[in-house]
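Residue numbers (the UniProt record's numbering), protein chains in the order written: chain A, 1 to 456; chain B, 1 to 456.
Hints should not be assumed to be uniformly reliable.
Repeated chains share a single entry, so a pair holds when one copy, or any two copies, can fit it.
[What the hints assert, rightly or not] Below are the EDC-like pairs computed for lysine to aspartate or glutamate, each with C-alpha atoms no more than 20 Å apart in a straight line: (1) Lys-35 to Glu-45; (2) Lys-286 to Glu-353; (3) Lys-280 to Glu-353; (4) Lys-42 to Glu-64; (5) Lys-242 to Glu-353; (6) Lys-9 to Glu-438; (7) Lys-280 to Asp-205; (8) Lys-275 to Glu-353.
Think of the hints as simulated: they come from the structure by calculation, not from any bench.
There are 2 protein chains.
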Amino acid sequence: MIPAEILEKIGKERHAYEKELMEFIRIPSVSADPKHANDVRKAAEWVLEKLQKMGFEGRSYETEGHPVIYAERCPYKDQQTLLIYGHYDVQPPDPVEAWKSPPFSPEIRDGYIYGRGATDDKGQFLTYLKAIEAILSESGEIPINVKFLVEGEEELGSINLVPFVKKHKKELEADAIAISDSAQFASGMPTICYGLRGITYLQLDVYGPAFDLHSGHYGGAVANPANVLVEILSRLMDNEGKILIPGFYDDVIDIEPWECKEMASLPYEEEAVKKHLCIKHLKPEKGYTPLECMKARPTLDINGIWGGYSGPGTKTIIPSKAGAKVSMRLVPDQDPEKITALFKEYVNSISPEGVTVQMTEFQKNHPVIVPRENDTIKAAFCAIQSGFGKTPVFIREGGSIGIVSDFKNVLGIENILLIGWGSPDDGAHSPNERFSLEDFNNGIKSAAALLYELKV
Amino acid sequence: MIPAEILEKIGKERHAYEKELMEFIRIPSVSADPKHANDVRKAAEWVLEKLQKMGFEGRSYETEGHPVIYAERCPYKDQQTLLIYGHYDVQPPDPVEAWKSPPFSPEIRDGYIYGRGATDDKGQFLTYLKAIEAILSESGEIPINVKFLVEGEEELGSINLVPFVKKHKKELEADAIAISDSAQFASGMPTICYGLRGITYLQLDVYGPAFDLHSGHYGGAVANPANVLVEILSRLMDNEGKILIPGFYDDVIDIEPWECKEMASLPYEEEAVKKHLCIKHLKPEKGYTPLECMKARPTLDINGIWGGYSGPGTKTIIPSKAGAKVSMRLVPDQDPEKITALFKEYVNSISPEGVTVQMTEFQKNHPVIVPRENDTIKAAFCAIQSGFGKTPVFIREGGSIGIVSDFKNVLGIENILLIGWGSPDDGAHSPNERFSLEDFNNGIKSAAALLYELKV
Chain A
1 MIPAEILEKI GKERHAYEKE LMEFIRIPSV SADPKHANDV RKAAEWVLEK
51 LQKMGFEGRS YETEGHPVIY AERCPYKDQQ TLLIYGHYDV QPPDPVEAWK
101 SPPFSPEIRD GYIYGRGATD DKGQFLTYLK AIEAILSESG EIPINVKFLV
151 EGEEELGSIN LVPFVKKHKK ELEADAIAIS DSAQFASGMP TICYGLRGIT
201 YLQLDVYGPA FDLHSGHYGG AVANPANVLV EILSRLMDNE GKILIPGFYD
251 DVIDIEPWEC KEMASLPYEE EAVKKHLCIK HLKPEKGYTP LECMKARPTL
301 DINGIWGGYS GPGTKTIIPS KAGAKVSMRL VPDQDPEKIT ALFKEYVNSI
351 SPEGVTVQMT EFQKNHPVIV PRENDTIKAA FCAIQSGFGK TPVFIREGGS
401 IGIVSDFKNV LGIENILLIG WGSPDDGAHS PNERFSLEDF NNGIKSAAAL
451 LYELKV
Chain B
1 MIPAEILEKI GKERHAYEKE LMEFIRIPSV SADPKHANDV RKAAEWVLEK
51 LQKMGFEGRS YETEGHPVIY AERCPYKDQQ TLLIYGHYDV QPPDPVEAWK
101 SPPFSPEIRD GYIYGRGATD DKGQFLTYLK AIEAILSESG EIPINVKFLV
151 EGEEELGSIN LVPFVKKHKK ELEADAIAIS DSAQFASGMP TICYGLRGIT
201 YLQLDVYGPA FDLHSGHYGG AVANPANVLV EILSRLMDNE GKILIPGFYD
251 DVIDIEPWEC KEMASLPYEE EAVKKHLCIK HLKPEKGYTP LECMKARPTL
301 DINGIWGGYS GPGTKTIIPS KAGAKVSMRL VPDQDPEKIT ALFKEYVNSI
351 SPEGVTVQMT EFQKNHPVIV PRENDTIKAA FCAIQSGFGK TPVFIREGGS
401 IGIVSDFKNV LGIENILLIG WGSPDDGAHS PNERFSLEDF NNGIKSAAAL
451 LYELKV
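Input sequences plus hints: build the corresponding full structure.
Encoded structure:
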């Protein structure tokens with residue numbers, strides 16, 4: 001049980017913590033954009049410095065991409081070891097014009113801190129640093145051994161973290177892993193997540209004539225790359241949400257009746273969701289509820305599409321090329337490698353003559369399910385009760401945290417705590433991303449409590 | 001018959017003419033882009049000044065868009081009157097990075113002048129000014145009455161020219177109209193065009209959630225505007241080139257057997273076209289030759305498409321909105337208003353719940369057929385022989401010149417000469433647009449000869 005004075009201390013320091021989060025958000029560590037490579041590095045250094053100041057031993061490791069931070073403070077031989085994972089990189093901020101305050105100039109409004117990374121994952125990750133700082137200042141030592149693994153490529157699918165984990169299996173040995181990179185089921189409803197969707201993400205480029213053509217001169221006789229792209233993309237999914245790639249559903253484990261029942265019992269307010277998103281209708285896959293679709297069914301989304309003229313007025317051309325980014329969320333037991341291969345095979349089979357279709361693979365993550373009942377989960381359950389003053393619910397998460405399946409497979413650690421402090425309406429990956437100051441502080445309390453609950 | 005000394009003069013002055021065309025191209029008169037509104041006006045003034053210097057009386061007329069220039073020199077009561085139409089606006093230059101020399105810094109390379117508008121329509125139109133200048137300098141007076149109508153919105157579908165023509169029917173009275181805004185059938189094969197396709201151009205905007213969403217959190221339950229856009233667009237045309245809008249073909253007059261035969265007899269080199277465009281296959285509508293499709297069949301082309309993330313790497317979002325520009329080339333007797341209505345009705349009927357689909361109408365032009373055999377055509381035939389030293393061929397053109405059907409219907413003038421001096425590989429509407437210096441000079445000679453051939 002966490003000593004009361006530590007919880008008090010965390011309550012008292014809330015403004016200092018908020019200031020520090022703002023400092024962290026101000027570093028525009030957009031991992032996808034090469035222009036921000038230096039900022040990503042700065043964010044890594046910022047994290048390392050914080051850890052070193054608290055007496056953690058570690059360093060920054062170079063990878064083929066952005067650096068990995070590993071640091072540990074392991075004062076005990078006979079205590080539990082918790083590995084805390086987080087990421088210091090963020091999603092691109094586009095469309096920048098949709099932000100009320102600039103994405104990298106954080107602002108506090110109505111009890112929320114706004115900025116890119118506020119919740120995903122700078123704010124949520126920072127709770128562990130602040131929890132340990134509070135514990136150290138009040139008691140002089142942490143109650144268990146703690147290791148930190150912090151990467152800068154989560155938003156790219158943790159491409160270079162997998163080889164790192166394989167290479168550093170010994171250092172990364174732990175009894176449990178804590179990750180706060182998911183969200184509460186709903187605002188004010190703290191959540192333990194026991195499953196994640198996987199993902200595979202590809203780019204399609206359709207090349208036609210060597211240059212844009214006059215659509216009057218050539219229209220009707222030349223394959224238009226934008227028309228062809230649309231034709232290919234339209235054949236990936238039907239209008240009831242069924243994905244048409246042959247073999248796509250072969251390894252999908254359908255949702256168990258008990259899980260459907262459990263999900264249906266959650267206070268999911270469809271009207272509130274529609275109001276928040278400003279849409280009149282949800283459009284779940286035929287035969288499934290919206291919640292089932294968001295948490296436990298595979299998807300296919302066009303994340304971006306482009307080609308030809310998009311300026312004001314008209315331009316009568318056949319564009320020389322067109323492209324799209326397409327991602328598929330995967331559920332157990334779909335294998336991202338297999339799905340990627342099926343996708344490519346299918347697209348090639350439906351690509352017409354007269355154009356060249358190129359496909360580029362980006363991130364690929366396995367879906368994962370973790371245990372729901374054991375001592376580690378119990379510890380997290382109690383810690384969240386201490387921090388939030390509420391009983392957490394259990395749910396699967398629709399997003400992907402690339403490295404989780406590798407932690408399970410490479411490190412052999414089953415006890416993975418997916419305990420997000422944020423809220424689904426925080427706008428992770430959206431403009432005006434935010435983090436509730438209340439959740440931030442309760443998250444710090446829960447993180448601190450977790451260290452005491454895990455103590456044997 | 002044109003006096004030999006005028007043809008000689010035109011030959012001698014070729015470098016001066018080329019310099020003047022470069023000056024004209026340097027004015028970036030992109031009518032579609034509001035940023036260039038001032039440049040469009042500058043181009044109008046440039047034209048008017050040239051005409052006034054040659055003793056034409058006229059002025060610039062304000063419209064709701066860009067100005068219209070009207071000027072005349074009518075020394076005769078009992079002579080033919082020729083109305084010369086041209087446009088001083090140009091297509092947007094995008095993608096600018098594809099140009100070898102900047103679009104508005106014209107350059108001469110290997111016998112061609114490169115720059116936006118070189119052929120469409122600055123270069124082709126300028127031939128008439130230079131022809132008249134040469135005639136005036138050699139003989140002191142033009143052989144017939146000449147009127148000029150020059151607009152700055154041809155690339156926008158001549159939106160404001162129609163009311164202008166209706167209002168100025170009296171001034172615009174003429175025996176024939178000459179327009180050099182089409183192209184030769186092939187380089188070195190001067191052409192008289194007797195038909196043009198029409199067009200209707202629309203923009204589709206699909207709106208979904210109020211902001212971009214995390215595709216992990218919401219994917220599967222929310223209609224993705226990019227997926228919906230693709231679904232709608234894919235249902236406009238099948239993969240054999242047949243347009244699926246109900247009623248679309250109702251008024252299409254199929255190509256007559258004699259016309260098919262005539263087209264088939266033209267020296268159309270498919271291999272050369274494919275090589276020029278760097279494509280392996282043409283993709284004509286099923287049942288028609290490429291030439292038939294380019295000249296006399298209706299089309300549906302996506303001219304631009306956009307939505308979501310198109311930067312480097314990945315962004316896992318459901319975009320808040322997506323859009324496309326779509327144009328349909330029309331053939332006799334399709335009515336652009338009717339086709340636009342059918343298009344909108346169909347799109348509305350296939351638009352799913354969960355998104356809002358908005359449609360914006362842009363240019364709409366009627367397809368047109370003009371007479372192939374009469375004295376005016378004979379005059380053009382002889383003039384082209386004088387200018388190019390070759391016998392012209394007859395062909396329909398796949399592009400649209402908005403105002404032609406209005407000239408026919410409003411002014412009641414049937415004798416419309418569509419005599420393009422450029423070449424189909426000049427890259428009108430494409431990067432690296434160009435105009436052969438040889439065609440430019442032969443065009444000036446032909447334009448001058450035309451005035452003598454029309455003399456009664």
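Hint check results:
1. Proximity of Lys-35 and Glu-45 under a CA criterion of 20 Å is satisfied intra-copy only: 18 Å inside one chain copy versus 44 Å between copies.
2. For the identical chains of this complex, Lys-286 and Glu-353 are inter-copy neighbours only, at 14 Å across copies versus 34 Å inside a copy, given an alpha-carbon limit of 20 Å.
3. Taking the shortest Cα distances, Lys-280 and Glu-353 sit within 20 Å of each other only across copies (8 Å), while inside one copy they are farther apart (40 Å).
4. Taking the shortest alpha-carbon separations for Lys-42 and Glu-64, only the intra-copy value of 17 Å comes in at or below 20 Å, while the best inter-copy value is 54 Å.
5. Within a single copy, Lys-242 and Glu-353 get their C-alpha atoms only as close as 27 Å, which misses the 20 Å cut-off; across copies the closest is 16 Å, which meets it.
6. In the homo-oligomer, the alpha carbons of Lys-9 and Glu-438 lie at most 20 Å apart inside one protomer (15 Å), although the nearest pairing across protomers, at 86 Å, exceeds that limit.
7. In this assembly of identical chains, Lys-280 and Asp-205 lie within 20 Å of each other by CA distance solely across copies; the values are 17 Å between and 33 Å within a copy.
8. In the homo-oligomer, the alpha carbons of Lys-275 and Glu-353 lie at most 20 Å apart only across protomers (15 Å), although the nearest pairing inside one protomer, at 45 Å, exceeds that limit.
Against the hints set out earlier in the document, no violation occurs for any number.
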